[in-house]
Amino acid sequence: LVLAENRAPTFHASTLPEVEINTLCSGTLADYAYDPEGKPLRFKKISGPAWLTFASDGSYSSTPGFADHGENQFRIIATDADGDAQDGVLSVNVRLPDSSESVTLHPIEDTFAYINTVEPNGSAVSLEIANRKLAYLKFSVPELGVINNAKLRLYTTANTKKLAVYTLADNSWEEATLVTENRPISDGLLAGPYSASNGNWIDIDVSSYVRYSDRVLSFVVTTLSRDEGAFASRESANPPELLINSNYKPV
29 LVLAENRAPT FHASTLPEVE INTLCSGTLA DYAYDPEGKP LRFKKISGPA WLTFASDGSY
89 SSTPGFADHG ENQFRIIATD ADGDAQDGVL SVNVRLPDSS ESVTLHPIED TFAYINTVEP
149 NGSAVSLEIA NRKLAYLKFS VPELGVINNA KLRLYTTANT KKLAVYTLAD NSWEEATLVT
209 ENRPISDGLL AGPYSASNGN WIDIDVSSYV RYSDRVLSFV VTTLSRDEGA FASRESANPP
269 ELLINSNYKP V
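Counting from 29, one number per residue, gives the positions in the sequence shown under my numbering.
Hints were generated in silico from the structure; no laboratory data involved. Among the clues, some could well be false.
[Claimed, not checked] Calculated pairs, DSS-like style, for lysine-lysine (alpha carbon to alpha carbon, straight line, at most 27 Å):
1) 189 / 179
2) 161 / 189
3) 190 / 161
4) 166 / 189
5) 161 / 179
6) 166 / 190
7) 179 / 166
8) 190 / 179
Treat the numbers as computed from the prediction; the structure is a model and nothing was measured.
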């Protein structure tokens with residue numbers, strides 16, 4: 029009696045169903061590999077992104093995040109009851125949501141300082157600005173995916189002329205301690221000038237800055253003239269708003 033040689037398992041498919049970020053990806057590798065002799069298989073992941081894990085029976089149930097979007101490849105080894113094994117590469121595409129979402133953020137810190145400020149103004153309900161009087165805004169931005177556009181909205185509490193917004197890379201400042209002596213210097217003009225009478229919203233396109241900034245970002249607001257102005261702080265009923273539209277809604 030001549031026994032047939034045992035044959036190694038075979039992968040007959042290589043692509044898992046596409047899945048959207050923050051959506052459960054589940055199934056079993058038994059649908060993608062088989063043993064010619066019909067013996068049960070055991071599976072082991074050899075390499076690939078950490079978000080998708082597999083049980084030894086091939087079952088999987090994991091949820092990808094934004095960082096996982098795009099094509100993900102996994103090297104899997106399948107072993108039959110006789111110890112014969114075969115490895116294969118499987119892939120799954122993680123897509124971004126089709127529709128865009130908007131989120132409104134308020135500052136986590138804000139204050140203002142002028143040429144001789146010795147006491148912090150972090151609790152002020154109105155942020156005063158002028159040629160040498162600077163307001164500071166700091167926002168914490170969640171993971172939002174691909175940002176389509178971003179708008180900074182300020183509610184005036186005084187007639188305001190030639191308002192300008194500057195970028196600020198230094199996020200180390202704190203509203204409880206910022207005074208003239210330690211106030212950081214802005215980097216460059218982002219937008220402006222804008223003018224509005226008291227009690228109106230000013231909408232400022234800051235997309236180019238927000239799109240490529242860190243998760244914490246700061247703005248400096250002042251005027252390009254000697255005229256003074258003011259806008260509501262985060263302590264007021266109309267706090268500054270950072271409106272961000274993206275194709276990924278934070279969880």
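These are the hints, each one checked on the structure:
1. 189 / 179: Roughly 19 Å between the alpha carbons, so the hint for residue 189 and residue 179 holds.
2. 161 / 189: holds (14 Å)
3. 190 / 161: Holds. Residue 190 to residue 161 sits at ~13 Å (cutoff 27 Å).
4. 166 / 189: holds (23 Å)
5. 161 / 179: holds (23 Å)
6. 166 / 190: holds (21 Å)
7. 179 / 166: holds (14 Å)
8. 190 / 179: Holds. Residue 190 to residue 179 sits at ~18 Å (cutoff 27 Å).
Violated hints: none; the structure is consistent with every hint.
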